[in-house]
Amino acid sequence: MKEAHIINLLEERPAPEWDERERAMIEIHIADCADCRRAYRAAMAAADLLGARANETIEPSPFFNARVMAALREKQSPAASTLAAMWKAARALIVSMAAAVALLVGLTLWISGSQSQPLETAESENIYSAEWVILENGDPDDLTYGEIMTTLYEVVAYGEDK
Amino acid sequence: MFDPAAIRRPLEGALLQERYEQASDLDLARLARKGGEAAFEEIMRRYGPRVFRIASRFFRRREMVEEAAQEVFLKIYTEIASYEGRGSFEGWLARIATNTCINLLRAAGRRPESSVEDLTEDEIEWLERKTARSNPQPSSVESRLVAADLAEKLLETLPVDDRVALQLIDGNGLSVKEVSDMTGWSESKVKVKAMRARRRMRQALEKLLEGNTRAESAGRI
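Top line first, the protein sequences correspond to chains A and B. Sequential numbering from 2 applies to the first sequence in my numbering. Sequential numbering from 390 applies to the second sequence in my numbering.
It should be emphasised that the hints constitute simulated quantities derived from the structure, not laboratory data. There could be a bad hint or two in this list.
What the hints assert, rightly or not - Computed cross-link-like contacts, DSS-like style, restricted to lysine-lysine with a CA-CA straight-line distance of at most 30 Å: (1) B/K578 with B/K542; (2) B/K596 with B/K542; (3) B/K566 with B/K578; (4) B/K580 with B/K566; (5) B/K464 with A/K76; (6) A/K76 with B/K423.
Stated by the list, open to error - Take a look, some chain A residues computed to stay more than 12 Å from chain B by CB distance: (7) E21; (8) E23; (9) A25; (10) I29; (11) M45; (12) L50; (13) K76; (14) Q77; (15) V96; (16) A99; (17) A101; (18) L108; (19) S113; (20) Y146.
Note that beta-carbon positions come from the ideal geometry of N, C-alpha and C, so glycine has one too.
If we strip away everything but chain A, and leave its shape as in the complex, we get (with noise of 0.2 Å):
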């Protein structure tokens, strides 16, 4: 068993749990085996560690029952209860009023989106516009014929309408 290191021993269980056959059986293995040696040092090291660890007591304090009995009594009040329950409902409506704000958000860019386009259209088609002639171009002699026909088909459309 010289030969055979003890590694896996020292993972296997812990200290306190290897009987007196393992225990020579290591020494016998540490004296020659460097590494193993070093293994069963920390392997002794983290048992101290841990035992050290373990003795660590912290006792409740003289208000501790007081306050758990306190924290039990507001979480079980009927105020916050109907706090929780109104928060809960109220969630609920924020969420779903922030989803409709978001869809008549989205609704007015995309019908302005798809409206903006026929505008401009017609407004760089109807560009003789009947405001356009008396307002912009001021002089009629400087109409062009293209100009002057627009402005009739609109002075008689609007007849016929009327």
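Chain A is fixed; fit chain B onto it per the hints.
Just chain B now, kept in the frame of chain A:
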């Protein structure tokens, strides 16, 4: 109109209050389930130290231990209806306490492994004593405190489940079966986690001890 029950009721209450201390765990659990605050207070009085001992295994700062213990009792109160008296009340409570602490530890997260290398002077001295065979560790309160600090540093780098298995078995001397009962994990899971934690802890300490020996030799040169 004279109502004898009206007089009897407070008397019964007072008698009951006096009997809480003698009441069995199951009776207290039944009363607490019906909203009996005095019964629950008796449970806390009876098992407060036990819950604190469990929480102290996982947390070191008083405020953390108290917070964990409060969380445990609030959970016990809400889950007391599920205790039917089949197993021991203490076992049921220990299981809730252990699992609550494990969840709190998980929420706190792990410490990076590199942080273990930042040792204090006292911790280095503790390791030096450990390296020198002829110089045994003093068993003073200070030395134990230093060892507990170093242990905590190393434990914080381990995965939470591994840490729990190692602490409960190697630190607190519990059997694999006891840890399995407390955590609800299978015995083979407990064994694997403890083995893995033992290896990691040993390797981390080997590194620290080796670094210490090297520093010592360099100092001698």
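Taking the hints in turn, this is what the structure says about them:
1. B/K578 with B/K542: holds, 24 Å
2. B/K596 with B/K542: At roughly 14 Å apart (the allowed maximum being 30 Å), B/K542 and B/K596 satisfy the hint.
3. B/K566 with B/K578: Holds, because 11 Å separates the two Cα atoms, which is no more than 30 Å.
4. B/K580 with B/K566: holds, 10 Å
5. B/K464 with A/K76: Judged against 30 Å, a Cα distance of about 12 Å means the pair holds.
6. A/K76 with B/K423: This hinted pair holds, its Cα atoms lying about 16 Å apart.
7. E21: holds, 19 Å
8. E23: holds, 15 Å
9. A25: holds, 19 Å
10. I29: Label holds. Min Cβ-Cβ 17 Å, cutoff 12 Å.
11. M45: Contrary to the label, A/M45 does not stay out of reach of chain B, its closest Cβ about 8 Å off (not over 12 Å).
12. L50: violated, 4 Å
13. K76: Non-interface label on A/K76 violated, nearest chain B Cβ at 7 Å vs cutoff 12 Å.
14. Q77: Answer for A/Q77: violated, closest chain B Cβ roughly 8 Å.
15. V96: holds, 27 Å
16. A99: holds, 30 Å
17. A101: Its Cβ never comes within 12 Å of chain B, the nearest being 36 Å, so this holds.
18. L108: holds, 43 Å
19. S113: At about 48 Å from chain B, A/S113 clears the 12 Å cut-off, so the statement holds.
20. Y146: With a cut-off of 12 Å, A/Y146 remains clear of chain B, as the shortest Cβ separation is near 82 Å.
The structure shown violates the earlier hints numbered 11, 12, 13 and 14.
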